[in-house]
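From first to last, the protein sequence lines stand for chains B and S.
Note that the working numbering numbers the first sequence so that position 66 is 66, with each residue one more than the last.
Note that the working numbering numbers the second sequence so that position 406 is 406, with each residue one more than the last.
Incorrect hints may have been included.
Calculated cross-link-like contacts (lysine-lysine; reagent style DSS-like; alpha-carbon spacing at most 25 angstroms) [unchecked claim]: (1) Lys85/B - Lys472/S; (2) Lys6/B - Lys75/S; (3) Lys185/B - Lys240/B; (4) Lys394/S - Lys85/B; (5) Lys394/S - Lys89/B; (6) Lys161/B - Lys185/B; (7) Lys472/S - Lys89/B; (8) Lys56/B - Lys220/B; (9) Lys6/B - Lys394/S; (10) Lys93/B - Lys394/S; (11) Lys240/B - Lys220/B.
If you're looking for bench data, these hints aren't it; they were derived computationally from the structure.
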Amino acid sequence: MNLSMKRGIQWLCAVALAVLPSAVAAQAVKAKYPDHHWYSWWMNILPDNASTYASKIDDMFDLILWITLIVFVLVEAALVYFLWKYRSKPGRKAIYYHGNNRLEIMWTAIPAMILVFLAIFSNSLWSEIRSPNRFPKDAPVIRISPRQFQWDITYPGPDGKFDTPDDINTINQLYLALNEPVQIKLLAQDVIHSFFVPEFRIKQDAVPGMQTAVWINPTKAGEYEIACAELCGLGHYRMKGYVHVIARDSLDRWKTAQAPAPVAEAAPTATTDSSKTSK
Amino acid sequence: MSTIVLPKEIKGASHDAHGHHELSFWRKYLFSLDHKVIAIQFLFLSSFFLLVGGLLALVVRLQLGWPDHTGWFYKSMASVFSMIFSQKMITGGIILPEFYNSAFTMHATFMIFFAVMPFLMGTFANFLIPLQIGAGDMAFPRLNMASFWLAFIAGLVMLSGFFVPGGAAGGGWTSYPTLSAIPELSGVTWGQNLWLFSLLLSGISSLLGAINYITTVVNMRAPGMSWMRLPLPIWSIFITAVLLLLAVPVLGAALILLMFDRTLGTSFFIPHGLLVAGSPLTGHTGGGQVLLWQHLFWFFGHPEVYIMILPAMGLTSEILSVFSRKPIFGYKAMVLSMSGIAFLGFMVWGHHMFQSGMNPLLGTTFMISTMLIAVPSAIKTFNWLGTLWGGNLKFTTAFFFAVGFVAMFAIGGLSGIFMASTPVDIFIHDTYFIVGHIHYVLFGGSLFAIFGAIYYWFPKMFGRMMSERWGKVHFWLAFLSFNGVFFPMHILGINGMMRRIYDYTGYAHLSHLQPMNAFMSVCAFILGLSVLIFLFNMIWSIFKGPIAPVNPWHATTLEWTIANPIPHGNFAEMPRVFRGPYEYSAPNTPGDADFYPQNVPPPGFGSAERTAH
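Kindly produce the complete structure, drawing on both the sequences and the hints.
Written out as structure tokens, the structure reads:
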């Protein structure tokens with residue numbers, strides 16, 4: 001009687017310890033976000049998907065989630081069941097058993113098969129996204145050269161070439177045409193940064209001294225954020241840019257509106273030229 | 001009955017000769033050559049750095065829980081922390097970004113190199129190898145002492161980073177160049193140099209340890225202690241020592257090269273044409289490769305992850321078998337899978353670099369090897385379940401932690417599959433998903449195993465028992481709050497929350513995550529409290545715990561045959577081993593016991609030997 005009461009109190013304490021912080025947290029959430037439902041973290045927690053391969057990555061994620069969820073439930077359920085079933089009792093004796101080779105082979109082969117299947121399955125998507133010879137052909141190229149702590153973005157301009165006077169330069173503002181593939185070449189100026197747009201499900205390190213590339217085909221118009229995903233110094237957390245996915249004609253209009261900018265950009269080049277000729 | 005031939009000159013017995021005269025205080029407790037004293041020195045060193053690392057983790061959690069620096073919890077905790085940390089770290093109740101970067105960098109560094117590694121490969125490797133294989137001491141006692149004192153100095157050097165101008169290293173524990181190579185880019189000057197120097201010292205310490213452990217296990221096993229009769233902790237430590245021997249020199253090389261880049265103006269990791277705040281970098285010619293560091297670092301870094309989990313697996317296997325009163329399920333499979341992990345562990349380093357700009361074809365190769373390395377981990381998990389099945393489970397604190405290890409390691413293993421899949425990794429790489437994953441492996445895994453092992457071997461280390469009641473309190477607090485901190489990290493990661501970020505509230509897809517972060521932070525403080533309870537229990541029990549019997553857990557391995565306190569030289573008589581380490585509940589056990597110690601001769605053994613003579 002005394003012992004069971006003690007047990008009961010112990011259990012109550014344990015449950016209270018689990019419940020209390022959760023209750024406090026729930027209260028805090030309610031106060032801060034009155035319209036927020038507790039399940040909104042669990043349902044649709046992946047950000048909106050807005051590129052051609054985003055939903056494929058999500059499907060892959062879901063597949064792995066289901067497989068691991070089943071294994072997780074089976075393993076933890078077996079663990080809890082064994083703990084309850086084989087708990088020490090007076091008169092109980094453990095069985096004397098060293099193992100079973102058939103079981104060992106089984107639980108080696110089955111996980112191996114599942115994992116190799118996952119690897120093969122993953123790889124077809126990986127090469128679709130990343131293989132250099134499967135990049136969309138003739139897609140326009142945009143150059144992004146991040147530095148501490150901003151995204152320097154360059155469009156080649158009407159001549160289609162970089163480092164010419166008609167280049168369009170922006171900082172932190174990337175404009176893309178809806179439903180048109182585009183290639184982005186990344187080259188960091190100072191330290192490693194990582195180009196991350198959650199809605200596109202794309203992340204690629206921008207490395208100093210080495211060009212990397214990704215391609216995107218945006219499927220939803222709107223404004224998204226570019227985040228830096230690789231620690232790049234003190235301002236890492238605020239190295240934010242924006243992607244504007246707009247219709248083709250709006251993009252063309254934006255590019256024409258940017259046209260005066262290259263003139264200002266070209267001015268220093270002209271002066272250096274004149275200084276050269278004056279020598 | 002087979003006869004066992006005893007060697008004429010018994011290895012290790014020579015230690016008995018100098019085990020009797022009284023040693024001075026210095027030689028006995030500080031500059032001791034006794035592996036047991038060195039083990040306890042490592043125990044105190046790791047516990048201290050566990051506290052330091054934990055404190056830094058709480059700084060990180062405090063910032064992440066309340067990035068707007070408001071709320072009574074934030075304010076009260078920040079004022080407590082202002083008393084510990086200087087004005088340059090926390091000013092006016094605000095954790096500065098500089099300090100935040102140092103805090104997560106040094107948290108990881110202390111936990112990995114000065115807590116988990118010395119707990120496993122300092123404390124338990126030192127304590128268990130001679131005692132479980134039946135040797136008088138380590139093969140090289142002086143090397144062993146040097147290993148501890150190098151680790152101690154390395155720890156002090158690392159700690160001193162907080163007191164130099166510019167603060168401690170803040171480039172992440174991975175210290176990727178060029179951020180770590182050029183002081184102007186990170187703002188950290190001496191802190192990073194000290195970081196590199198300290199890790200070099202701690203690497204040498206690990207190498208000395210590894211050489212010692214390998215030599216001792218190969219050469220100094222007691223008669224009859226064949227490889228297949230070695231307790232699993234010894235197997236795991238032996239395999240880990242081989243990993244250390246092969247992986248640490250690569251880290252050493254990388255550290256030296258980066259040190260040269262920082263101090264001598266070389267450009268191993270600094271490419272040509274770098275701009276610092278828009279103007280060309282001076283003082284370096286360039287021509288180096290940024291990715292070279294990542295290859296070198298992770299060639300060490302991934303085996304390092306297994307260095308921190310394999311010994312924990314060995315310790316857990318021992319504890320599970322003892323308290324299930326059952327032989328370990330699939331001893332050979334356990335040994336083979338650990339060897340498999342060690343072998344494959346050297347072929348998976350590229351999975352840290354899927355998004356680094358490395359050739360995507362290499363991504364495919366590393367994905368396949370990474371998927372494969374999950375198989376031996378799965379085998380081990382199933383074998384642990386098999387060990388519990390049909391057992392007679394004794395619910396001690398050590399057993400709770402061992403079971404906690406299995407439960408949490410399963411989560412850490414499964415979450416790893418997400419990142420192994422290259423396309424899924426594109427999204428969750430460098431997010432909180434990976435932070436959650438690594439903590440399930442290293443805290444829920446390694447550290448739970450370490451806690452369990454301390455409760456289990458404490459009676460042999462100090463001759464006293466730890467409090468079981470406070471042990472259970474420690475377990476339940478730690479288990480619940482651990483999951484409260486680290487499980488939501490997966491959810492943050494799926495939301496796209498980047499790691500190593502000072503303030504996430506400026507991002508549209510992350511700003512709603514503040515309440516969840518606050519909840520995690522409260523849990524983190526409870527977790528910190530549980531570790532304090534553990535440390536108080538440990539220290540209190542060293543002086544006041546009930547006197548431990550010789551073999552409190554009714555275990556079979558050799559260390560439990562020696563009376564407390566164990567003398568210098570360990571075994572009065574060279575033990576002789578007659579059977580494997582997990583003979584629990586064997587039907588042929590003499591008497592009523594449910595365990596058959598390794599050194600007890602089978603009935604009629606003496607007479608058989610006499611007739612053989």
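I'd like to know which numbered hints this structure contradicts. Please list them from smallest to largest. As far as the earlier hints go, only 2 is violated by this structure.
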